[in-house]
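Starting from the given sequences, assemble the full structure and let the hints guide the process.
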Amino acid sequence: MLAAILASGLAVGAVYALIGVTYNVMFSASRVMSFTSGQLGMLGGVLGAMFIARLGLPSLLGLAATLACCAAVGVLTEIVAVRPVLKSLEQHLYVLSTLALALMIQQVTAIEWSTEPQPFPRLFGIGDGGPTDEKFWLPLLACAVVVVGLELLYRRTLVGRAFLAIAEDNFAARALGLPERNLRMASYALAGVIGGLAGFASGQLLLAFFANGSMLNFYGFVPVALGGMGNNRGAIASGLALGVFQQAANFLVGGVFASVAVFTVFIVVLLVAPQGLMGSPSVRRV
Amino acid sequence: MTITRRGFALGSAGALVAAQGLARPALAQGEPIRIGWLAALTGPSSAPGIGFDRGVHYAVEAINAAGGVKGRKIELVVRDTQGDPTKAVNAVQDMISRARVHAVWGPTNSGESLATTPIMARAKMPNVHPCFVDSLIDPAKYPNAFRMAPSNSQIDNAVSDYCIKNLGLKSLAVVGDTTGYGTTTVTSSTAAIAKRGGNVVYKGTIDPTQPDVTPDMLRMRNAGAQAIVVWSVSPGLCARLMNTRATMGWDVPLVGHPTMGSGEVGKLIAAPKNWEKTYILGFRNCSFGADGKLPAHVQSFVDGTKGKIQLDDTILWWVLDGVDAINLIARAVQEAGGTDPAKMVAYWDTVTKYPGLYATYSWSKTEHNGLPDSDIVMSEANSQRLGAYKLAPGYT
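Protein chains in written order, with our numbering: chain W, 1 to 286; chain H, 287 to 682.
Just the calculated beta-carbon pair ranges, DEER-fashion:
(1) Ala477/H / Ala64/W: 53 to 59 Å
(2) Ala557/H / Phe263/W: 32 to 38 Å
(3) Gln596/H / Leu55/W: 22 to 28 Å
(4) Gly454/H / Arg54/W: 42 to 48 Å
One-sided excerpt, in silico: chain H residues whose CB lies under 10 Å from chain W:
(5) Thr469
(6) Thr491
(7) Asp502
(8) Ser548
(9) Ile555
Source of the hints: derived by calculation from the structure; they are not laboratory data.
Don't be surprised by glycine CBs; every beta carbon is placed ideally from N, CA and C.
And the structure:
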């Protein structure tokens, strides 16, 4: 029983964490919370199923095609829903523009793909549905790959440092000659890849279903708020904890009460630490 | 004789009245019988509408090809409601006031019907529909509305009876999805089980997008459930319940909503054996017996319409119910001697054991639920062929 709760809790938590990181990567580059993050996760599952199960591509090629498409959707988000509203960030118009794009993505998927969940193909054929099944550890593996990849990117590469620079202070970064707009687009493409990977890795668990987008938008935002805006480590830790807590609550109180339990904890944590558990309080110079 | 202006005016008026009196029966005899068909033919809940539509068109063509009803051809007035109650209300108002239909078949889902039934009652429009919600049928409030499908209470009773009487299992878990339908049906099903002496050891709802239902099923097993009654229209949730049951090695029957027998569930189960021991609501006339055949009159219809009605991508009862609806409206016109709404309703009030394809219908002045309980059975979920299912164990 404990093994089952831990396996599914950590798997779902890893997906929430990755969607949280997707939010963060977009936020760092533009100070915009883009509500297309969950839809990127949904697209990862749907496109993966389409490329591999319907079009018959080999798994690796299917993964590459899925990530490329999700990166393109990330760039599209930047061009269509973010760039036009950047000049008036304080009006929070991005909430409307990104939500509108997210809804469009969801509706197009429902029309062109299916309104019913579709199966996602088995990738390795390991496990028989129990706690050691690939559907449970693949999201964790994807999470580990993203953590290591982002660490290497941000700490060891010039482009990664440039990302950090615009995240830290984009005026100063621009003054130093960094191509802020291109870097922002690259960040959105990177976010698309991370979101797509989350959906692809969890395809067997969540199925290729158009309605997963809004669910992931919702639960993926919780680790961002709990971990602190822009804090990837916080998002990963909070996401995993959220998944395990949610599954434990499912077992103990069940059904709709599990969601109530999750959001009760969420509100309590934010009351105690409004900046998130791992975020630092914002300081305003006077 | 001098013709005065007054005499001429009176004579003309008299001639006009006489001419109208003569012309009216001739016009009514040649006038087509206009049947309004409120169908959800597009949109997310269109699958039943498309199935019903095939039966409706087949029946209309068959009657017209045979010369119509007393020489009057049937004309369908179809409006696609897209499953939207607002569109259904507009469509029914248009049918009543502009298209001037003589009877209406539909809508085919309860949400729409809840909105249109009072409108049709005010217009005294003869109406047959296949919607399940109990409150849609009330001969005092809606004397013009007749049901050609089971009510929710009949469905609850059939499922409870099957678990308790046929399978001999009394400790039951009742689960539904978190939609309005799932939540309300869990409550009504629990009451039906308790009424029959069953013991609901677990009752709950599950979000259709919940990725893993292991915690919920562990709770059901720990509560001592011998069977799980499932009320969900989500193929994803149904398939997850079946897959998790197999992973847990829990040999417990799943009984309930027909979604568990849909082709979408078949795509989502991890192995064909996960689909076994799952029983869904079905209908005796649309079920294969032990000999692999449907009841004789239905089998002969299916054989006779091969190539004319596509059955492999729909559910047989939807098609047959569509055929029966048109036949019952045509029969009402025939028995009433025309399209007078009061006379058509009066005929339906006397229908006793009408041998339809989908069911044997009976209505009376005080009972407008047409299906007898004996026509409602359970079927094996994994046995779909030509839109019909095999009878579940325990029936002869």
